[in-house]
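Asks: Sequence:
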Amino acid sequence: MDPVSHICPAIPLLAQITRLRFLRGHALLSSLDINPAQFHLLMMLDRANPMSQAELAGKLMIKPSTLTVMLHRLMKNDLVRRERDTVDARIMRVQITTKGADLLKQAHDRFLQFESETFEGFSPEEKALFENLGNRIRDNLMKAVEGEDPTCQWY
41 MDPVSHICPA IPLLAQITRL RFLRGHALLS SLDINPAQFH LLMMLDRANP
91 MSQAELAGKL MIKPSTLTVM LHRLMKNDLV RRERDTVDAR IMRVQITTKG
141 ADLLKQAHDR FLQFESETFE GFSPEEKALF ENLGNRIRDN LMKAVEGEDP
191 TCQWY
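Numbering (my numbering) for the sequence shown: 41 to 195.
It is worth saying that the hints were derived from the structure and are not from the lab.
Just so it is clear, the structure is predicted and the values come from calculations on it, not from any experiment.
Do not take every clue at face value.
Cross-link-like lysine to aspartate or glutamate pairs, in silico, EDC-like; alpha carbons within 20 Å at most [to be verified]:
hint	residue 1	residue 2
1	K139	D149
2	K139	E123
3	K139	D73
4	K183	E171
5	K145	E157
6	K167	E155
7	K116	D86
8	K116	D142
9	K99	E186
10	K167	E157
11	K145	D118
12	K145	D86
13	K99	D86
14	K145	E155
15	K99	E188
16	K103	E188
17	K139	D118
18	K99	D179
19	K139	D86
20	K145	D73
21	K116	D73
22	K103	E186
23	K167	D179
Could you put together the complete structure from these sequences and hints?
Replies: Structure follows, in C-alpha cells:
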C-alpha cells in the first residue's frame, strides 16, 4: 500500500492515526483470537488481579453490558474467570487464568512490535515529546467530558 495515495486531507490526522492503529492492532492479535480491547483488559487483570467488573468497565471506559459480552468470550476461551466477592456477594471479581497469562505474553510481544512500528524513525526525544503532547490531549479531553458518562454510547 502506497501511504501517500491513502492520505485524505478531509479526515483529521488523529482520526487517521486512530483508524490505522485499530486496523494494525486487530491484524497483529487476530491469530491469538483476541482483539485490542481484550488485550487491554487482560493487561489490567495481569497488573491488578482480581478486579471487580465495575472497576474494569470504568477503567476501560465501556458500559458494564459491553464488558459482560467481552468477559463471556474470554471465559469461553478459559482466559479469565469470574467469582463472587467473598465479602460482598453482589460484586463479581474477574481474574486472569494461567492460560490467559500465557496468551498475554504472546500478545504483549506483538504489542511491542506494534509500538515499534508506530514509532519507527522517532528519536527518544521525539517519543518523549509525543508522549507529553498525547498526555495533554488526553487530559484536555478528560476535562471536556467531565461530568458526562465517559462510556461510549456504541460500546
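Asks: Could you run down the list of hints and mark each one as holding or not?
Replies: Going down the list of hints, with the structure as the test:
Restraint check: the Cα-Cα separation between K139 and D149 comes to about 16 Å, which is no more than 20 Å; the hinted pair holds. For a cut-off of 20 Å, the pair hint linking K139 to E123 stands: about 17 Å separates their Cα positions. The hinted pair formed by K139 and D73 meets the criterion: a straight-line CA distance of about 13 Å does not exceed 20 Å. The suggested pairing of K183 with E171 holds, with an alpha-carbon distance near 18 Å, which does not exceed 20 Å.
The straight-line distance between the Cα atoms of K145 and E157 is roughly 19 Å, inside the 20 Å bound, and the hint therefore holds. Pair hint K167 plus E155 holds up; C-alpha atoms about 11 Å apart against a cutoff of 20 Å. Distance restraint check for K116 and D86: the Cα-Cα separation of roughly 18 Å lies within the 20 Å cut-off, and the hinted pair is therefore satisfied. Only pairs whose Cα atoms come within 20 Å are accepted, and K116 paired with D142 is accepted, the gap being roughly 16 Å.
Distance check on the hinted pair: K99 and E186 sit about 15 Å apart at the alpha-carbon level, within 20 Å; holds. A threshold of 20 Å between alpha carbons decides the hint, and for K167 with E157 the separation of about 13 Å falls inside it, so the pair holds. Annotation: proposed proximity of K145 to D118 holds, straight-line Cα distance about 15 Å (limit 20 Å). At most 20 Å may separate the alpha-carbon atoms for a hinted pair to count; K145 and D86 meet this at roughly 10 Å.
Using a Cα cut-off of 20 Å, the hinted pair K99 and D86 holds, with the two alpha carbons roughly 14 Å apart. For the hint linking K145 to E155, the alpha-carbon distance of about 15 Å falls within 20 Å, and the restraint holds. A hinted pair counts as satisfied when its Cα atoms are at most 20 Å apart, and K99 with E188 qualifies at roughly 15 Å. Distance check on the hinted pair: K103 and E188 sit about 13 Å apart at the alpha-carbon level, within 20 Å; holds.
Between the alpha carbons of K139 and D118 the distance comes to roughly 7 Å, so the proposed pair stays at or under 20 Å and holds. For the hint pairing K99 with D179, the CA-to-CA distance comes to about 15 Å; that is within 20 Å, so the pair holds. With a CA separation close to 12 Å, the supplied pair K139 and D86 stays within the 20 Å bound. With a CA separation close to 14 Å, the supplied pair K145 and D73 stays within the 20 Å bound.
A distance of roughly 12 Å separates the Cα atoms of K116 and D73; the hinted pair therefore holds under the 20 Å criterion. With a C-alpha separation of about 17 Å, the suggested pair K103 and E186 falls inside the 20 Å cut-off, and the hint holds. Taking the CA atoms of K167 and D179, the gap is about 18 Å. The hint holds against a cut of 20 Å.
The earlier numbered hints are all upheld by this structure, with none contradicted.
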